[in-house]
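Trainee: Residues per chain, in single letters:
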Amino acid sequence: MTTWSAPIYVYLWLAGMAGGSYFAAFLAERFAGYNQRRLTQLAIQMGVLPAVLGVLLLLADLGNPLRFWHLLAEFNILSPMSMGTWILLAWVAIAVVMNVLYRYEGQHGEPGGRPIHRLNGGLGWLQFLFSILLMSYTGVLLATSNRALWAGSALIPPLFVASAVSTGIAVLIAYILVVAPVTTGKTTEYRLPARLLTGSTEWAIPTRLVGRLWEAEAIVILVELVVLIGLVAWLGSSAMAGAREALNMLTFGALAAPFWVGVVLLASIVPLAFDMMSPGKELARREVFRVALASSVCVLLGALFLRAVIVIGGQL
Amino acid sequence: MPKARLIDVSKCIACRACQVACKQWNELEAVTTRQRGTYENPPRLSAHTWIKVEFRERPNEWLFRAHTCMHCTNAGCEQVCPTGAISHQGEVVVIDQNWCVGCGYCVQACPFHVPDKDEIAGTARKCTFCIDRITNGLTPACAKTCPTGAIQFGERADMIAAAHDRVQTLVARDGYRGARVYGEHEMGGLHTIYVLTDAPEVFGLPEEPRLATATVGTQWLSGAITAGVIAILPFWLLFQRRNRIAAERESNQREV
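From first to last, the protein sequence lines are chains A and B. Numbered continuously in my numbering, the first sequence closes out at residue 317. Numbered continuously in my numbering, the second sequence closes out at residue 646.
These are computed hints drawn from the structure, not numbers from a lab. Heads up, the beta-carbon is just placed ideally off N, CA and C, and yes, glycines get one too. Wrong hints could be hidden among the right ones.
Computed from the model, here is a short list of chain B residues facing chain A with C-beta under 8 Å [said to hold, decoys possible]: (1) Gln498; (2) Gln609; (3) Trp610; (4) Val619.
DEER-style ranges, computed between Cβ atoms [what the hints assert, rightly or not]: (5) Met278/A to Ala589/B: 51 to 61 Å; (6) Pro449/B to Gly237/A: 43 to 53 Å; (7) Ala420/B to Gly231/A: 14 to 24 Å; (8) Val227/A to Ile403/B: 33 to 43 Å.
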């Protein structure tokens, strides 16, 4: 019998997605030296939905949802669930403020917008820190327990952080590819329906940036795969009670099918193969576009399988 | 002076009077179960069963152990509770039924798999040490009813002394060379002390129960380090370093 089931693993998936997409967008644009933070803006606008959906799922899973405010009456640094409540709340609050400021910035042009731009820049850094905390929290929540699969090693937070970043990149790419392609003649650009988001004219996301994100996603998946192999090796070699049973259950037992097909194949092998199939990342080409989209869908589904297998597996 | 419950497995005859007394005093409803080929029933502790006798069979020997809340001094359930609904009242770990939100975190944190979420009440529940009895000078229902003296209740120091005496007897007179006291030091000291005739694992108890929050700092750190590695590995390498290399190559070509 499992105390935590679908609402919890979907919630962890959504919270990771929100934190991961912002983390990826923020770093990509800072390191690439883009002054206009289109991708970061997109991530913060997109991220509110999964974060709020996640909170609703968490509340629905409570035995007494109407007592949810009791969570806000306590600040317990030892309890990851208490810390997670505050982190998620702060993440959503900052995201909402940043969204309002972006809209205001867009409507009022440069001169009036400059202080707001600076304020949003500061909030952006704060949100980056909260995104790291949010991604980590999804793993620390499980790891601070007495379940061998979750708590025996310190590998669940790294696994969930890596998975959150790959999920975040995948959802960004999927959104850009599905919502934004504009084909004029022989070229395709990725333009976001900015009017819906900020009231300004359309933005263009550089195709090269999307291609680089895809490349980054492959490396993050490799990191995730290394951590997963480490976890399996630890389960196999640990003397901790329940560790060997957890390994058997994942590899040969009740969860073998979702583990091998969902986690190993869908979340890792297939997206890596897709990445190798498109070395140039020429997203303007229709077949490459399709491969990128398929890869993103696989990563998103695989990450959900990963959380389901780990959450359920820890309790069996 | 803190009180404790002493459970001597060598005296337990698995009559399950403790289970019945607990249900009766705490008004816990009966659980419908299926025959699983054992007299052990119900199959597990739950929100409606706060003490149960576990059966283990060895050649020529039945092992019985009454399993219930240990009322740990360092209680993992209390430490992870996000609302503060779980607290110590003296030596007793209690769940405030009017404050618990039913998140189930205590269920995951307990090294002894004791608390359980009641799906109807929507709260976590477990043995209360009959706090309503012991604060009125009575003994817990399970200890009161035990017909063989396998469950005793008293001052913790007295219970520990009695446990050590009993272990000496079991080793010297009865030949239980693996007999030991369990709970004197585990989790900062349990308030359910056991006299075991063999290693804890034989009775389904962890040799070294761990506090769920013992590694919480390491777990946060491991997440943050991974984020740092990912920030450098793909992002810095792909987005900044590659841009710089491309720019340098471009300027070199221009010079040539």
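Trainee: Against each hint, give a clear statement of whether it holds in the structure.
Mentor: Do the hints match the structure? See the list:
| no. | hint | verdict |
| --- | --- | --- |
| 1 | Gln498 | 4 Å, holds |
| 2 | Gln609 | 4 Å, holds |
| 3 | Trp610 | 6 Å, holds |
| 4 | Val619 | 7 Å, holds |
| 5 | Met278/A to Ala589/B: 51 to 61 Å | 55 Å, holds |
| 6 | Pro449/B to Gly237/A: 43 to 53 Å | 31 Å, violated |
| 7 | Ala420/B to Gly231/A: 14 to 24 Å | 46 Å, violated |
| 8 | Val227/A to Ile403/B: 33 to 43 Å | 54 Å, violated |
Checked against the numbered hints given earlier, the structure breaks hints 6, 7, 8 and satisfies all the rest.
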